[in-house]
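Novice: Starting from the known structure of chain P, arrange chain L on it as the hints suggest.
Protein chains: 2
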Amino acid sequence: MEGHDRRGIGGGARLTLSWRDVETARERIAGVAHRTPVFHSRQFDEVTGATVFFKAENLQRAGAFKFRGAYNKIRAELEQRSFSEVVAYSSGNHAQAVALVSKLLGVKATIVMPEDAPPAKLAATRGYGADVVLYDRYGGDREEIGEKLVRDRGALLVPPFDDPLIMAGAGTATAELLEEVPDLDFLVVPVSGGGLIAGSATAAKHLRPEITVYGVEPETADDTAQSLAKGERVTIPVPRTIADGLQVPCVGRLTFPIIQRTVERVLLVSDDEMIDTLAWTLERMKVLVEPSGVAGMAAVKHRKADFAGKKVGVIWSGGNLDPKRLATFLGKVAT
Amino acid sequence: MEGHDRRGIGGGARLTLSWRDVETARERIAGVAHRTPVFHSRQFDEVTGATVFFKAENLQRAGAFKFRGAYNKIRAELEQRSFSEVVAYSSGNHAQAVALVSKLLGVKATIVMPEDAPPAKLAATRGYGADVVLYDRYGGDREEIGEKLVRDRGALLVPPFDDPLIMAGAGTATAELLEEVPDLDFLVVPVSGGGLIAGSATAAKHLRPEITVYGVEPETADDTAQSLAKGERVTIPVPRTIADGLQVPCVGRLTFPIIQRTVERVLLVSDDEMIDTLAWTLERMKVLVEPSGVAGMAAVKHRKADFAGKKVGVIWSGGNLDPKRLATFLGKVAT
Numbered sequence: 001m002e003g004h005d006r007r008g009i010g011g012g013a014r015l016t017l018s019w020r021d022v023e024t025a026r027e028r029i030a031g032v033a034h035r036t037p038v039f040h041s042r043q044f045d046e047v048t049g050a051t052v053f054f055k056a057e058n059l060q061r062a063g064a065f066k067f068r069g070a071y072n073k074i075r076a077e078l079e080q081r082s083f084s085e086v087v088a089y090s091s092g093n094h095a096q097a098v099a100l101v102s103k104l105l106g107v108k109a110t111i112v113m114p115e116d117a118p119p120a121k122l123a124a125t126r127g128y129g130a131d132v133v134l135y136d137r138y139g140g141d142r143e144e145i146g147e148k149l150v151r152d153r154g155a156l157l158v159p160p161f162d163d164p165l166i167m168a169g170a171g172t173a174t175a176e177l178l179e180e181v182p183d184l185d186f187l188v189v190p191v192s193g194g195g196l197i198a199g200s201a202t203a204a205k206h207l208r209p210e211i212t213v214y215g216v217e218p219e220t221a222d223d224t225a226q227s228l229a230k231g232e233r234v235t236i237p238v239p240r241t242i243a244d245g246l247q248v249p250c251v252g253r254l255t256f257p258i259i260q261r262t263v264e265r266v267l268l269v270s271d272d273e274m275i276d277t278l279a280w281t282l283e284r285m286k287v288l289v290e291p292s293g294v295a296g297m298a299a300v301k302h303r304k305a306d307f308a309g310k311k312v313g314v315i316w317s318g319g320n321l322d323p324k325r326l327a328t329f330l331g332k333v334a335t
Numbered sequence: 001m002e003g004h005d006r007r008g009i010g011g012g013a014r015l016t017l018s019w020r021d022v023e024t025a026r027e028r029i030a031g032v033a034h035r036t037p038v039f040h041s042r043q044f045d046e047v048t049g050a051t052v053f054f055k056a057e058n059l060q061r062a063g064a065f066k067f068r069g070a071y072n073k074i075r076a077e078l079e080q081r082s083f084s085e086v087v088a089y090s091s092g093n094h095a096q097a098v099a100l101v102s103k104l105l106g107v108k109a110t111i112v113m114p115e116d117a118p119p120a121k122l123a124a125t126r127g128y129g130a131d132v133v134l135y136d137r138y139g140g141d142r143e144e145i146g147e148k149l150v151r152d153r154g155a156l157l158v159p160p161f162d163d164p165l166i167m168a169g170a171g172t173a174t175a176e177l178l179e180e181v182p183d184l185d186f187l188v189v190p191v192s193g194g195g196l197i198a199g200s201a202t203a204a205k206h207l208r209p210e211i212t213v214y215g216v217e218p219e220t221a222d223d224t225a226q227s228l229a230k231g232e233r234v235t236i237p238v239p240r241t242i243a244d245g246l247q248v249p250c251v252g253r254l255t256f257p258i259i260q261r262t263v264e265r266v267l268l269v270s271d272d273e274m275i276d277t278l279a280w281t282l283e284r285m286k287v288l289v290e291p292s293g294v295a296g297m298a299a300v301k302h303r304k305a306d307f308a309g310k311k312v313g314v315i316w317s318g319g320n321l322d323p324k325r326l327a328t329f330l331g332k333v334a335t
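For the protein sequence lines, the chains are P and L, in the order given.
For the first sequence, the tail end lands on 335 under the numbering used here, and the numbers increase by one without skipping.
For the second sequence, the tail end lands on 335 under the numbering used here, and the numbers increase by one without skipping.
If we strip away everything but chain P, and leave its shape as in the complex, we get (with noise of 0.2 Å):
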């Protein structure tokens, strides 16, 4: 991991994250970034018992969060020095954040994307302008990939999580959340490499410091949920989920101490879970929300007990799903 601390340094920004960071994203990303909606379900707070508002991060520009830390970060990082690329490794939604802001600011995007990425996603990556370069998730090392194209064409490396500007840039969706629902109980953050929970929870702690947050991992990708038990950074191997978004090995180093210090726990849920309330989503609230997205709203779902009577903040983190893997899940629902 030592590349992305070098970049980090290199690129002027702190190891530590601050509410100020959080506002200086959302001058940044003004504008440009959507304010997206906040969705509210009569029906769903039937089902739970409590009373539930959705940040809707799937309506983002390239449909997921990862805008936000995407154009954060390669904005701060061009205000600092001139350069003309740009090269991420992503499971997917980064990607297509990270190639949109390139096109956005004029930079050119090369993206090192597992050749097992859902077809959505790479046809999306390349269709902003991005190259993509393939490797296999379950062998290769994406982070050396994305290292040597560092080094060999000198230009930034986006990370997709560990880095404060990224942080920082996915933490001003909550920081919208509380200025339109400010008296939240609980907030609820799908985790993969921490990036989103560790900027949500900076802003939430500041915004409303009696708020309790909860990350919600897939039951096989619980890499976050084992080293919070054991009190450091656990590795898995790569996890086998429907939440592709999720599949990451291993909580970041710069992320993990924030998670340690704000998450209150980490919840657990099955793909039928995940694949249940993307359904319910769809057919009751009309709006598609990926596997990996709709995580946090599964574990409202599917563990009304620890939320009834509650207000409850949730952040729907992306929506990019390929019609066809949409298709297999319906098939799966019962009816």
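Keep in mind that a hint or two might mislead.
Note that the list lumps identical chains together, so a pair holds whenever it fits in one copy or between two copies.
Simulated pairs of lysine to any residue, SDA-like, Cα-Cα distance not exceeding 25 Å [stated by the list, open to error]:
| hint | residue 1 | residue 2 |
| --- | --- | --- |
| 1 | K324 | S41 |
| 2 | K205 | E264 |
| 3 | K324 | V133 |
| 4 | K103 | V47 |
| 5 | K103 | A50 |
| 6 | K230 | V132 |
| 7 | K103 | W280 |
| 8 | K311 | G31 |
Rather than coming from a laboratory, the hints here were simulated on the basis of the structure.
These numbers come from a predicted model, not from an experiment.
Specialist: Frame of chain P; chain L shown alone:
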């Protein structure tokens, strides 16, 4: 159709429709119906060469614009006389709307529905506490069944479209759209019995006299297009189309003269065009619109030349779609 007219007159409603009716409907539904969001997609603008705004009535209560008319009708009639029961016949979305409105206003609802109505719509209607009576769409006469229930039980009949209060309620969506985007060149609206387009065009022509209003029908359900060509109402055999909300064999007696006066022409779309557009909207915009609801958008997507360079408002009229049917549709989309 005698029944409608009798009830309409009995309820004190006039047989014409004016902007004032839409204004009154707005006051009646305020704080009860959702003010639905207006969506815009850079990608759709790139595809079409137009600038297109979507009024998301798929996010309306009970999943379709129908809630507006049903609430306006039942509430207005309750202001005139006391009754404890309502009856409606409907292919689906009107049924759910009447069922939900009845629940909110504390009256009992009996809904006459075709036996091949989508299971999700049957279940949702029953879920709102209504009694459902089934009939054969291709053989039975739903109006006769409805009339009989009205006679036997002294209930209020809530027609799906041919009623000024229903039309006025439907028109409130367009009033909201034009408040947000005042300078539309075109308004594109799906046509079934004509209640939505009659109300929409009445509102649009008042707020923006120079606007051009287009209706859209499935090519197998072109009764209104035929009626406009002939200058009188044409009845066709009950059409077969995936757009189950647009399967009405004849435009309304009251809606037709309004359509003649306000609608430029009716465009036709195929089932494949509606499926293509539905899948596009889900994948790119992360929003579920049902086949009937997406008809207007499909016309803009597949007849780009008519709209290039123009500012277009489209009504997404509903979003109620069974997950299994959606899976089937997505399986048909070419990738």
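Novice: State for each hint whether it applies.
Specialist: We went through each hint and held it up to the structure:
no. : hint        : verdict
1   : K324 x S41  : between (27 Å within a copy, 22 Å between copies)
2   : K205 x E264 : within (12 Å within a copy, 56 Å between copies)
3   : K324 x V133 : within (24 Å within a copy, 36 Å between copies)
4   : K103 x V47  : between (43 Å within a copy, 18 Å between copies)
5   : K103 x A50  : between (41 Å within a copy, 22 Å between copies)
6   : K230 x V132 : neither (37 Å within a copy, 57 Å between copies)
7   : K103 x W280 : between (35 Å within a copy, 23 Å between copies)
8   : K311 x G31  : between (29 Å within a copy, 22 Å between copies)
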